[in-house]
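There are 2 protein chains.
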Amino acid sequence: MRKRTKATSIDIAHRAGVSQATVSRVLRGSPLVNAETRRRVEEAVRALNYKVDRHASSLRTQRSGTLALLLFEEPTPDHAHINPFFLSILGSVTRACARHGQDLLVSFQQLSDDWHADYEDSMKADGLILLGYGDYRLYRDKLDALVAQGTRFVRWGAVQPDQPGISIGCDNAHGGRLVGEHLAALGRRRVAFLGSASRGYPEFLDRYRGCEAALQVAGLALDPALQVDADSSEEAGYTAAMALVERGQPFDAVFAASDLIAIGAIRALAEKGLRVPEDVAVVGFDDIPTARFTNPSLTTVVQDTARAGELLVETLLKLVKGEAAESVTLPAQLVVRRSSGAAAG
Amino acid sequence: MRKRTKATSIDIAHRAGVSQATVSRVLRGSPLVNAETRRRVEEAVRALNYKVDRHASSLRTQRSGTLALLLFEEPTPDHAHINPFFLSILGSVTRACARHGQDLLVSFQQLSDDWHADYEDSMKADGLILLGYGDYRLYRDKLDALVAQGTRFVRWGAVQPDQPGISIGCDNAHGGRLVGEHLAALGRRRVAFLGSASRGYPEFLDRYRGCEAALQVAGLALDPALQVDADSSEEAGYTAAMALVERGQPFDAVFAASDLIAIGAIRALAEKGLRVPEDVAVVGFDDIPTARFTNPSLTTVVQDTARAGELLVETLLKLVKGEAAESVTLPAQLVVRRSSGAAAG
DNA sequence: CTGAAAGCGCTTACAG
DNA sequence: CTGAAAGCGCTTACAG
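The listed protein sequences correspond, in order, to chains A and B.
If you count the first sequence from 1, position 47 lands on 47 in UniProt numbering, and the numbers rise without skipping.
If you count the second sequence from 1, position 77 lands on 77 in UniProt numbering, and the numbers rise without skipping.
Wrong hints could be hidden among the right ones.
Same chains, same label: a pair holds when it works inside one copy or across any pair of copies.
List time: in silico DSS-like cross-link candidates among lysine-lysine, alpha-carbon distance up to 25 Å [stated by the list, open to error]: (1) K321 with K6; (2) K318 with K6; (3) K51 with K142; (4) K318 with K142; (5) K6 with K142; (6) K142 with K321; (7) K51 with K6.
None of these hints come from the bench; they were simulated from the model.
Please model the entire structure based on the sequences and the hints provided.
Shown next, in the form of structure tokens:
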């Protein structure tokens, strides 16, 4: 392999007949530089295919121009099995980073790992984006540690009044309400909930409570006997739905806390001889790409992932610059497809 | 927000009562250092929560300790829609990077973007991992440019004799053969192929040819009239299957070039009143997580993504160190589920 | 508008 | 085994 000889700003300076400092000014876009000087430098930069050395620049400025995204995947040790919903946020985060001229370091972590004291101290990144489901109670202490260290971070997740740091999240309660209203309007009376509706999973809990509130308005209840814990995977959805059927309690609708859970549940219901949506209406949450192609297609709640990624990056960059920033709750929206039995495609 | 004051190696040196050079030796694991000295330094490092500044270190050593993964997503401009198969490689790559003490920069690119001359010159990364489907012919020129520049990179994709650089790929031809044999053994006579089987998509083409070869052994043909182009998405699979049915040519099996295509195809077939697997057997490729939960569950070909990620990283690190490295083809394996109509779960 | 110079925080030959 | 010193390639006050 050919040895690479990188051009430095000194090479550019020689070629353009200016000082190295001037080269640096041009590359940083300083307004001081004479137009003709600028032109000569830019010409030399092109000719030598010069790129500013990121490390030298960062060392000098004490800014890395890099954000780190940590993706937690607590329950499942199976790498293949990352929730596509997070993937779609990851996609929009990479795009937002590109727009803002930031590089993105990505790392998958266990919630239990020692991630809370690394990236920023080693200057690898100016700030952290935290993403992932997992028991919030495990999480909480680490967030407190981040705040105590002064680490700049933004988290995707439920916006709660007492939480450490800043979150960007979806209006899960409203999403749940939409589902409850939809099922009630379709005449479903006994709605089951598949997902861990506890304080450890605030997003799921909010979805649960939102649905419950809507059902109450319709004179219905979300019977705790029809709730089964599940983390966000097809596997867990399948197991939970099997358990639900075996409880023997009648139900005519399933609100799955995520699309993956819904997909597993549909499979389990089919195996138990229950028809979706005739016998059981099924509604998910997230609107992952596959939701349109399940059989039957899945009624679900869309979260605006494009906006989410943009907001995560923008908010974090504000913190990095020392500006004020605040948590944001994004709206949720119902998408009606065939699995809930409404008259829709 | 509290102002962060980072400890430097000088702070550690003071506290441990040694020179800054010795601190550096301890942190780089130099064998020269006295055990007691080492202990004192380590103690100071812990006490001050010191982390080596990555940029200073990289500037000095001219090594960034970072790899960059570029993910191409040519045909679909929809960020939400990254092939889960690549996601699973991404997952195993991040893990492999962690094991090798490398950071990973991730960027989603259009095949047409200007990615071929950036990461390495700016020292952001020591090497590149290239991932993604897309027209290989568009790709080819850029790969040549990378080689000419001396950029170190490894590509996930078909291993071909004349290609620039190094690839890690799956034995697509063998995978295709397994599918052909499976369908022939089940008595299917008219096998359709959904996917772009052209020189621009060497993976798909290899799958096509492998299947064709196996069918020929069984005295059957892969009728070109039953081939419909599709890139790797549910959408494309749906559209392609619709087009196939409308051609009016009889067929009793579909080999979809990827699981996403298969999922879209199953949906289309159902809408056209064709039963899977009774009327049409469907087989995919990739074994994405959802494949076990489609309705019916999907017979497909597994690629070893865990090994793939490990090999991509290991091979790239060899190149970075200036060692010899070579392309590798990984084995493919058939997973029989219900969509092909065999007697399996 | 431009140049000379200091310094960001490390690593590593060199000398002892 | 350890320290003093040079230098990686930039950025930015400072002086002109």
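We went through each hint and held it up to the structure:
{"no.": "1", "hint": "K321 with K6", "verdict": "between (31 Å within a copy, 17 Å between copies)"}
{"no.": "2", "hint": "K318 with K6", "verdict": "between (34 Å within a copy, 21 Å between copies)"}
{"no.": "3", "hint": "K51 with K142", "verdict": "between (38 Å within a copy, 18 Å between copies)"}
{"no.": "4", "hint": "K318 with K142", "verdict": "within (22 Å within a copy, 36 Å between copies)"}
{"no.": "5", "hint": "K6 with K142", "verdict": "between (41 Å within a copy, 20 Å between copies)"}
{"no.": "6", "hint": "K142 with K321", "verdict": "within (23 Å within a copy, 37 Å between copies)"}
{"no.": "7", "hint": "K51 with K6", "verdict": "within (9 Å within a copy, 28 Å between copies)"}
Checked against the numbered hints listed earlier, the structure breaks none of them; every hint is satisfied.
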